[in-house]
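2 protein chains.
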Amino acid sequence: MSKEEGITVKKEQDFSEWYTQVVQKAELADIRFGIQGFIVHRPWGFFIIKKIYEYFEREIEKDGHVAFLFPSVVKEEYLKKEKEHAGFTPEVFWISEAGDKKLEERFALRPTGEAQIYPIYSLWFRSYKDLPFKGYQSRISSFRNEMTTRPFLRGREFLFFESHDVFNTHEEVLKQVEKDLEICDKVLKEDIKIPFLFFKRPQWDKFKGAVDSFTPETLMPDGKKTQLASTHDLGQRFSKAYDIKVKNKDEKDEYVWQSCFGPGIWRTMASIIGIHGDDNGLVLPFDMAPIQIIIIPILFSNKDNKAVIKKCKDIESKLKNYRVKIDLTENTTGYKYNYWELHGVPLRLEIGPKEVKENKITIALRTGSKFSIKLNDLTKEIEKNAKLLDKKIEEKASTYFKDRIKETNSYNELKKILKDHKGFVKVPFCSMDWDGEKCADKLKEETAANVSGTLYPTEDKIKDKKCIICGKKAKHLVYVAKSY
Amino acid sequence: MSKEEGITVKKEQDFSEWYTQVVQKAELADIRFGIQGFIVHRPWGFFIIKKIYEYFEREIEKDGHVAFLFPSVVKEEYLKKEKEHAGFTPEVFWISEAGDKKLEERFALRPTGEAQIYPIYSLWFRSYKDLPFKGYQSRISSFRNEMTTRPFLRGREFLFFESHDVFNTHEEVLKQVEKDLEICDKVLKEDIKIPFLFFKRPQWDKFKGAVDSFTPETLMPDGKKTQLASTHDLGQRFSKAYDIKVKNKDEKDEYVWQSCFGPGIWRTMASIIGIHGDDNGLVLPFDMAPIQIIIIPILFSNKDNKAVIKKCKDIESKLKNYRVKIDLTENTTGYKYNYWELHGVPLRLEIGPKEVKENKITIALRTGSKFSIKLNDLTKEIEKNAKLLDKKIEEKASTYFKDRIKETNSYNELKKILKDHKGFVKVPFCSMDWDGEKCADKLKEETAANVSGTLYPTEDKIKDKKCIICGKKAKHLVYVAKSY
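Protein chains in written order, with this note's numbering: chain F, 24 to 507; chain C, 24 to 507.
The following block holds chain F by itself, in its conformation from the complex (with noise of 0.2 Å):
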């Protein structure tokens, strides 16, 4: 692999030009669609995409939803029912020809399912008995018309998946969004290992229409936060807009209570690239890579190379329970090291002439270590070493987070660290109601950086403290981080 072939600039020196070259070098994306913030998913990145999907699916249908599939238009009319959340109107895209003629009634791409599916959610409900329902989505995309655009973090068709749920009273709301909770923890934290806080969002920063927001939210090695999903407590406010109403049992009319959830398909990717990656390119858990092992023949032009490839031909029928392929390309050995790296292949073995004389394998840990093992022992050592990979990618994105959470009650020290910090600042603040909004303004037009709130379920405890803007008595400790 040539220089150029390879990622030319260190993680930590320019975070940004290495996260793009790892989405164009590992071929994640094509951006050269032609219609700006519009992308190819590639073959290797959609791979890992998917992966996301289904982990997200099994969750969610283990939590009893079952899937639908709405169209990815919207009325135009239902978009603007709601009155906080007709605040998307302003970004979405409209149709509004076909062929050379315009329609009679012009609609929208949909930025976001609520006024897709609370209008019909308004038909589907008779009776309190037909409660809980839980619904989802997958594999859908959403449509916004954002200004700048970049693979994985903002586009203006990215990748969705939404929950949408529907209760007879607010307490269920509250338990599914705990629900929803677990179910980040089980495929962002144990499956993907990315960290995450789980916040309960300020008023002023929350979804569109909805009570209360909730978002696990991650840190990308710049220091902006990134958004892994959102949870919101819609209370009762779409189901008095859009009508969804049931017979309770004294057989009375009452407006539902709903939930929706949607895990960020996109931000998951982003920050898988960005956390896990290192200066070689992309790292992946095992289960994600889409070649799980790859073999490479280490041939020599004077020797008989036949008994190598053979032998890795024995060992690739072997591991025929994982992703395995043989390399047996014309580049050479080192091209073929630094190619699977930079994919972020887990596991390479290493098979030469020494190997089959020996009856071993050297086996490569894309999380650095390599050694020798005895060919009788591979699929144990596979196992073995599978999860040895997983766990450090784990205990290194759990270190790498925990250095990145710090704590002031200044104001002029949370400027101080915020130049060079790059992660949360734990500060106290007056209010999480809208209220608070214009010290966060203040906050924000000083200092780039946003409020995300408290953590949730779990609240910090804060005595005595006061609001490092406004200087009046501070009510609770929330995190601040810049944000893309």
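No lab work stands behind these hints: they were computed from the structure.
It is possible that part of the hints are untrue.
Chain copies aren't distinguished; within one or between two, either way the pair holds.
Okay, derived cross-link-like pairs now, DSS-like style, lysine-lysine, Cα gap no bigger than 25 Å in a straight line [to be verified]:
1. 348 with 157
2. 98 with 124
3. 329 with 380
4. 393 with 333
5. 505 with 231
6. 157 with 73
We have chain F; now place chain C onto it with these hints.
Relative to chain F, chain C alone:
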């Protein structure tokens, strides 16, 4: 179940109304979305759709395809690059505004993938060694501004699946066409039990831009043929239009050879409804059913129901390997039978005091039979009867299809046959080339029947026959039928 809640017409008497009722009452789709031609896939129907997708994904991946994902939109300029393919332009939806602004450059919702994928293919391949490349995208939508729409038959947004293969030679393209036919055999015939004929289409009715098109077609009970998939020999037409070249062994540029394949996800769903269904509603192959086994407790107001319910739960827990449910609603037993039959649940277990006492279970197959089995034989009997049910569905469909292929050499007789006959008629025809179009137009005008094409890969032999329309020497035996 009241009379109105069940299907109120006989399938044979009013297929169109029967179809509409099954779609609605078996909760497959909701047509009340508010924008014509855009439907909601309800959970029960969408489960079946996902099965269709999974079968095709399994087979296409076995055949070496990798998954990618392109945007939902396409650049106007690209849509018009291949002269014949540009014929899609009058049908496309245009996005020309965002928020309250006109876009600088409008773009279209994808009518099909060629015009979005091939400009990118021109960037991906450099050498003949990069080929063959086989890629596909699944679980996506296509959009065309159709005038008349019907759930799963024709929509303005309809579910899509497409593979796009790139080869060094034309020979490989033709092999891929046969491979695509094998995939159709495996999925449509074996998994889904839908019989079909595989045609090479006439020149005047092929895919816009293709050299040749090939389609498996089946018949709906109203006698209309429906296209279950299509695969196309694109020759070098698109590679020349989109400049997809590779260096050959002599380091010279050569345009690649291409094929593309698209199973009709919706049409397959429509065929399942239409062909397998009966007067009571939906009928589903065992593996496709959202619930495979419904357990109905036979309860009596004057008896000890606890033992019955306990037994139902015991049995449910023994059947964990299946999708199983106990119907514990307050509905009557008769209502429950009809409800689950309408939804196509393959096996019904009835358990009442008698069954508890005698350690027996009554088992009813959706395809008709009902009998008592020993509790001890439960899992064995489930397995056996699931297979039996599938076999019955397959046999019924196969008999149905065979009865619907007739043959004649006379135009007058054809006209007579087409009046009552609900199916294909095999007739001698002058030409499958463009010069046969005039005869096809006349046939269509006078009988509403279309020419599907000649059987492929083995065409019927013909000798000394005359075209039923123009009377000139017939070159082919073609199949004609009415279509939607």
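Is it within, between, both or neither when you check residue 98 against residue 124 at 25 Å Cα-Cα?
both (19 Å within a copy, 18 Å between copies)
When no copy is specified for residue 505 and residue 231, does a C-alpha distance of 25 Å or less occur within a copy, between copies, both, or neither?
So residue 505 and residue 231 pass the 25 Å test inside one copy only (21 Å; across, 51 Å).
Between residue 329 and residue 380, at a C-alpha cutoff of 25 Å, which is it: within one copy, between copies, both, or neither?
within (13 Å within a copy, 70 Å between copies)
Checking an output row: residue 157 and residue 73, CA cutoff 25 Å. Within, between, both or neither?
both (22 Å within a copy, 18 Å between copies)
Is the C-alpha distance from residue 348 to residue 157 at most 25 Å within one copy, between copies, in both cases, or in neither?
The answer is between: 17 Å across copies meets 25 Å, while 41 Å in one copy does not.
Evaluate residue 393 and residue 333 at a C-alpha cut-off of 25 Å and name the case that applies: within, between, both or neither.
Classified as within: same-chain Cα gap 23 Å, cross-chain 57 Å, threshold 25 Å.
Against the hints set out earlier in the document, no violation occurs for any number.
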